[in-house]
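Taken in order, these protein sequences are the chains called A, B and C.
Numbering-wise (numbering that gives the first Met the number 0), the first sequence opens with residue 0 and increments by one.
Numbering-wise (numbering that gives the first Met the number 0), the second sequence opens with residue 0 and increments by one.
Numbering-wise (numbering that gives the first Met the number 0), the third sequence opens with residue 0 and increments by one.
Hint data in this document are derived by calculation from the structure and do not stem from the laboratory.
Every residue gets a Cβ at the ideal spot worked out from N, C-alpha and C, and that includes glycine.
All the given hints hold, so there is nothing to weed out.
Where chain B lies over chain A, by a calculated footprint (3+ residues, C-beta under 8 Å):
| # | segment |
| --- | --- |
| 1 | 0-9 |
| 2 | 32-42 |
| 3 | 49-59 |
| 4 | 103-112 |
| 5 | 184-192 |
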Amino acid sequence: MKAAPFAYDAPTTPEEAVGVLAEHGDAAKVLAGGQSLLPMLALRLAVFDRLVDVGRIGALQGIERRGDALWIGAGTTDAAVERSAEVASAAPLVARATPLIGHLQIRNRGTLGGSIAHADPAAEYPAVALALDASMDVLGPGGRRTVAAADFFTGLWSTVVEPDELLVGVSFPVWSGRCGFAVEEFARRHGDFAIAGAVVAVELGGDDGVRRCAVGLIGMGSTPLRAPTAEKAATGAAVGGVDADEIGRLAAADAVGVPSDLHGTAGYRRRVCAAVVTRAWTKAVEEARRG
Amino acid sequence: MDEIVVEVRVNGAPRRAQVEPRLTLADFLRERCRLTGTHLGCEHGVCGACTVLLDGAAVRSCLVLAVQAQGREVTTVEGLATDGGLTDVQQAFRDCHGLQCGFCTPGFVVTVTAMLADDPAPDDTAVREALSGNLCRCTGYQGILAAVRSVVDERAKEAS
Amino acid sequence: MPRVEDARLLTGRGTYVDDVLVPGVLHACFVRSPFARAAVRGVEVGEAQAVPGVRAVLTAADLNPGVREQWHTSIGPQGPETARPPLAEGEVRFVGDPVALVVAESRHLAEDAADLVDVDYEPLPAVIDYTTAEQADALVHEAHGSNLIGTIAIPASDRLTETFASAAHVASETIRQQGYAAVPMEARGIVVVPDPATGDLTIYAATQAPHEWRLFCSRLLGIPEHRIRVVMRDTGGGFGQKVLVQREDMCIMLAAPHLGVPVKWVEDRRENLMAAGKSREEQADVRMAFDEDGTILAADIDFVSDCGAYPTPWPVMTAAAVGALFPGPYRVPAATFATRSVYTNTVGRTAYRGPWQFETLAREVLLDIAARDMGIDPVDLRRRNLLRHDELPFRNPNGMAYDNVSPLETLEQAVEMLGYEAFRAQQAAARVEGRYLGVGVSTYVEPSTPGYGAYATEAATIRIEPSGKVNVYIAGGSTGNSIETTVVQLTADALGVPIEDVATIQGDTAVTGFGAGAAGSRSGSMTAGAVRDTAAILRERIRAIVAHKLEAAAEDVELADGRASVRGTPSAGLTLAEVAGLAYFDPYGLPPGVPAGLEASARYTAEARSIWVNATHLCTCEVDVATGAVRLLRYIVSEDCGPMINPNVVEGQIAGGAVQGIGGVLYEHLAYDDAGNPVTTTFMDYLLPTATEVPVIEYGHIETPSPGPGGYKGVGEGGAIGAPPAVVNAVADALSPFGVRITSLPLSPFEVVALLDPSVREPA
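Could you put together the complete structure from these sequences and hints?
Structure below.
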């Protein structure tokens, strides 16, 4: 299973990369970790004339606290994110989603930016970015722009990033106070894409009221999803009065465009979704209460 | 498509070749370096039979282009034992009947070597999760898990 | 003892077929049909041929006429085989059917060129559903005249009909198993090296049966057998898929001499999942009649098997085995069976570890359903009906004569290892908490070591070299079954030499005598016989030489630790090196009648048609009813494979087979859509169990000797036979509070939930 031939560039700055992309348009494709792209090329499911390898661009690497946000360079590997004490403390949801990504060999090459730009609805990072209202830094021939996560994902495997643009970094807002975070996924085997998954963040007030919460859904649509009805039902309520099963049910009902495939129907996915949301909610709340 | 000159250190020795960009690191090692211990079980990044160390990190060499390894260090199964014998990981696989046909074995041995360098005292769950990216069809994983457990225990004994 | 294979395999120095380096070799890639059934109106190769580095693009017209004869030794030339054109000729019959062969300087270039081959297909109506194939208008093989390959059946007697009609309880279900496959970690592969000067052929292949491949190739090409050499060094798993030459192998055997260059074909994973063959796709209506105590009165199976378009021969026989073995190791007084094998426009059926294992799946699942319906514990139901060792030999109602097995004993051992009563208490407590645990059991009996035709003999050659070191040559065909180690161990024991002094050469037809290969769980027993008979010749000769030299009686000479000593006088003896020195370099000093040298060959012939083996598998699980996930807790195998040559090897074989069986129930599915497109052609979709899904396997051993050499029995296939129903029964037991009946596989989490809540099947 050998890929069709392609040309190869390895720019060292984001601007250089964008220059090549602008020159070649659709015929060129960004190569980051390659863990999603290279299998597709090997299977000849996709063909590109040119790969632009962004793995040598230092400016895409890094994890740094910038005010209220944690900035992670798009080229940062999953493994670097997994090892980072900074991520563990400033963006626990990102840290806890990471070990669920594939397998250690994948995480040693796969990048956070690559996963978000690839926008597989069954992947972890897109749902985390959406749940935390992250913002994506995108560089194009016309300059830089920042896109809110809510506007970033446009459909199955598609985002607002144009063929001549490059995702440069992602800023995750830092939650402080009495917070709890949890990621729960159900997959056929360890490391497989989730059949349904949930990422939950919750912040409690001193009175145990739910100050804010976010429920992100994995694998429940053509993009990562939020569960607005579930979030609304919990926000402002006394956390002890929030029924975790109800949150799960509401979240499952919030999903639109739920897929049906070899692993199960949409109805089955909703059932699983409800269960994983319930479990994630329960865990996140337990953690928040301890804080 | 134009070929690119790539320089890689493989098992400590410098290698230089002219390659098509599409040539995977796995094929580079097997065909250009004649190191056939790295095996192709799927070529789409699931089975782990092609696992090598790239700058010390376990990676699927079928999902790395040779050109991406430019200037880096690659260690294959052939390069693990430096004195012609077997490493403790390899010996444990042998002692615990952790292989039958041997096709998946280099990938497992490399993965285990890297995994224990990162985490010397994994519990059973951590071991299984770390191995979940390598497929074996012959052993049912029983001997493999026993081998890893035995290395962890032996190294702990020696450390104390 | 550590395996002799391990040092090279652990250091990446094995030689699998893709590792073989042949100067000037060209690489092959097949162009394959994207349609389940289509007429081939034309194949345009010009654009592909023009790609630089492409040597040839071959079609049926180029290759197929080169076929002289095409048949497998075990079937014979007059067998009712499906006609198998090397390349598809005029019609393609499954998605993946090879239509053209590109040969180029690299696999990369060959694949590039394959994309440019333009085949003019005219799609035709295809037969996909095997349960209705016999009624379909379309014919998979027009020349065959029907989609029924064959049927073997025993008509039900009036008495049997009456027994079912009047029984206190009849359990009756349709049990269905999905298609899945062997999926060895190394896919198929072959290198054919012609010698244009002599017409000789050297073949390197990933095969379980090198000598059979040599014979097949000789007939195929009309080259005398002794001018062909087949070499199999290391092969990465086979499980039945690599026993017989398939169509792609034929194409390479034809193409290399046709082009006059060495040609290598290494199958990739997508091809392997699409075209190497499928197994297990089958279903049956099964019935058992019981009296009011749960004693089995009769059993009946009406079985149909999906054999795809090009089954490797001969599937009708395997289907008959399902029927004949259905009564299993139980005291069943009366039975009947009907079996049908049908064609469909999907990939052909190949043998896979215990090809007839559906009989155990269906019977053991039915027994548990019957037990629950009758209010009898499933283990108790088995206790009442399983054969005991002292009832043997026992002829089952279909004529299978079991002997030297211990069905009830393995059940009792497995149940004791679990602590069955304690588990039932644990299960009850968990249910109160809303957690669903279950236990499942399955018991089977299996014919190993086939004693007929080419399988009935196995030869060995042993050479004690002049320095006293030993080489043992056997046919081989090991794809991971440790037969190198087994043979070294047996030889060392037989000659009384240290294991380090013995080496083995296998898998090379130029050097070893004919052997049918590693199939039918035969290698342990057959090589034991071959080594025993060959070593006996040498032991006698060594004793005679030593007795003569030391003026002792031959019967007083003992062999141990590389020495031949006189019993009672340990200082009086010779090392094997000294004996060899006499045998090779002082022939005139040997006793009269004793030949010079220390080389011997013998061919062992199996004494029985089958060597019966049995085991019980027992599994506990927890089912998450929200998601349908099944987690296996404990997994126990009590097996009786007779005395064990090497317990590690035995347990390794059981474990591998059991995990394949677990995979077959919970994860694996070689699936097609309604149009006949395969939808699980990568490891993203065809799911194999990993280290996180498998339980720890616990073993109990019972050692009832067989009449064969050493009392050994075959152990290669049993795990894949016993495991699936143990898992199914555990899940069904866990879900018994919900009243579900599990009769159809796979048990994916979705299917488990659908059993609990059928409304999830509805489209959104």
